[in-house]
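Novice: Let chain W serve as the given structure and place chain R on it in line with the hints.
There are 2 protein chains.
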Amino acid sequence: MGQSLLEQAFEGKNKRIPVWFMRQAGRFLPEYRKIREKYSLGEMFRNPEIAAEVTCQPVDILGVDAAILFADILTLPAAMGFDVEFTPNNGPVIKNPIRTVRDLKKIHDLEGLEYLSKTIQIVNGELTKNVPLIGFAGSPFTVACYLIEGGSSSGFVKTLQLMHGAPAVFTSLMEKLTENTIEYLKLQKTAGAKVYQVFDSWAGILRAADYAHFVLPHLKKIFKEVKFPSIYYIRGAGHLLALADQLEADFLSVCHEVVLGHNPVLEKTKKGVQGNLFNGLFYADKKVLEKEINDVLLGARHYTRYIFNAGHGLLPDTDVEKVKLTIDVVRRFSWPVKGK
Amino acid sequence: MGQSLLEQAFEGKNKRIPVWFMRQAGRFLPEYRKIREKYSLGEMFRNPEIAAEVTCQPVDILGVDAAILFADILTLPAAMGFDVEFTPNNGPVIKNPIRTVRDLKKIHDLEGLEYLSKTIQIVNGELTKNVPLIGFAGSPFTVACYLIEGGSSSGFVKTLQLMHGAPAVFTSLMEKLTENTIEYLKLQKTAGAKVYQVFDSWAGILRAADYAHFVLPHLKKIFKEVKFPSIYYIRGAGHLLALADQLEADFLSVCHEVVLGHNPVLEKTKKGVQGNLFNGLFYADKKVLEKEINDVLLGARHYTRYIFNAGHGLLPDTDVEKVKLTIDVVRRFSWPVKGK
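Going down the list, the protein sequences come from chains W and R. Counting along the first sequence from 1, when you hit position 195 you're at 195 in my numbering, and nothing is skipped either side. Counting along the second sequence from 1, when you hit position 285 you're at 285 in my numbering, and nothing is skipped either side.
Okay, chain W solo, but in the shape it has when bound (with noise of 0.2 Å):
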């Protein structure tokens, strides 16, 4: 067992609680705006020395328990032949979205993901074995609803109009997203990446017949093509949690929605389970934050395999005492529960 306490908690060997956070590289460090002040996003995500530090940055400054690669879920597309700009507020902008099936011939595979590979490895000199590397992708879902909207939407109606109006169309893209993902996935983990996260941040919006047949056997051959420690995390979804379980992924990793230890399809399920911190209640002052912490630990107990999160990524005005704070309370928990 030379692996590292996130690893472990994968074989359901861990004898404390990992603990790391989505967004945990990014605006609400301090370090981190002072790298900001002085190049774009798109730099950042582009050098592999910026991106390299960036990545390292909460491991050194917060003491979490595993990096996550600084990258965007618009990195794929980027590669894909997408013009993406990533601006600071308003989130990506695309500025050739798919509007026909014409756009679609457009679309080649990966290129130019060296500065990707060179960043995994400079990170991985950097780290100790005790903190490995986690590479994520965007769910072929969730980058399809950027690639068709041109970027963030509230309503998505471009994305259901593709969907229900031309489906086949809307497939051959998921279609083509989903054999790029499996080999954008397997490049991190050639480079050096231990455990991978699919983020589904949209998956939510569907039906779960929707999810069923446009998403559902997507996502079950990334699982099953991309072999080696995987989490899937997706958001404002307890409807489809059922389906999601299906899944060949080794982790569930859910939102608020979802209550730990009072949810029926985790009661069941064989994965571990990942989350799930209310990203709100890092505005709540310290004694109520701690409560909440711990009525999430003590909903965990009832996991074999458990990894802390927050069930969002990290606000950009999230206080870091409070982080700090809350990775404390993690690591105090008694863990492995006893007679589970």
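Hints were generated in silico from the structure; no laboratory data involved. Any given hint might turn out to be false.
For chains that are exact copies, the list does not tell them apart, and a pair is met inside one copy or across any two.
Claimed, not checked - Pairs of lysine-lysine, BS3-like flavour, derived with a Cα cap of 27 Å: (1) Lys158 - Lys322; (2) Lys158 - Lys106; (3) Lys189 - Lys15; (4) Lys95 - Lys176.
Specialist: Same frame as chain W, but now just chain R:
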């Protein structure tokens, strides 16, 4: 039983299923767009003749079984001293949002809603007794989101900040909104609304614990004090449905997250059920749409009291012919279900 089909459905005495749509008075109707070319949204809301005409349009054009008052969920805070601008594309903007506890002091009780009463009176003069007018209000939480964010939002960061960072201030805002919502709905009843619906578009962003603590007590007060047939619409919130079932609302209106006939809360509720055709399905071809409508209706057979609606508001580019087809399919469906 001189009342309408919709009112009969509240007693479970209806001989066919009543059907209406959220946002049925809106941009997808060419007749609406013609009026909209000449007036701003604010002008349309505040002019009783125009608002009444728009309210009645879907009854005349589509033949729906109810009219819903043409107003905005921010009509209420506008009457409480908030400076609301109804912008056409990006949702409303509040120019004096809630930032500190001092902003709460500037809120006053309802003023200047004579135009709304007048609109309701005109509508009632035009509608036959078979078609009742539905009044409505935003839920205090959903309205509070707008007032705190200053408009639409995707992350609701400021709302979470106030809720968890200054819970007493947040609750004080909720109390003021609740009192005025009660007055607002009573005013609509007095003017002639026969049914009311409370729209909770954003409650779904909350954990069950936060909804129970910060939202539910206020909603309970509204449905307890405003005594005429009532519907509570909650969106993206399957995880909150068991709590919502504690309200004294007569009907629960659910979005497409819920599968009718397969939901444990609706299985046991004593309330009626409204919903929930996925509005993205209006983009599908007619054969698919017809099958999906039938699936909703087959699920609805499990409930004694039922009203057909979409899961969300109709989208601006919805095909009018498909909405008419939907109404036809619902009309042809055999009801009441024998032996239920």
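Novice: With identical chains treated as interchangeable, where does the CA-CA distance between Lys95 and Lys176 reach 27 Å or less: within a copy, between copies, both, or neither?
Specialist: within (19 Å within a copy, 45 Å between copies)
Novice: When Cα atoms must be at most 27 Å apart, do Lys158 and Lys322 count as within-copy, between-copy, both, or neither?
Specialist: Between copies, since 18 Å is at most 27 Å while 39 Å is not.
Novice: Pop the pair Lys158 and Lys106 into one bin, within, between, both or neither, using alpha-carbon distances up to 27 Å.
Specialist: Within one copy, since 19 Å is at most 27 Å while 41 Å is not.
Novice: Evaluate Lys189 and Lys15 at a C-alpha cut-off of 27 Å and name the case that applies: within, between, both or neither.
Specialist: Within one copy, since 26 Å is at most 27 Å while 62 Å is not.
Comparing the model with each earlier hint shows no violations; every hint is respected.
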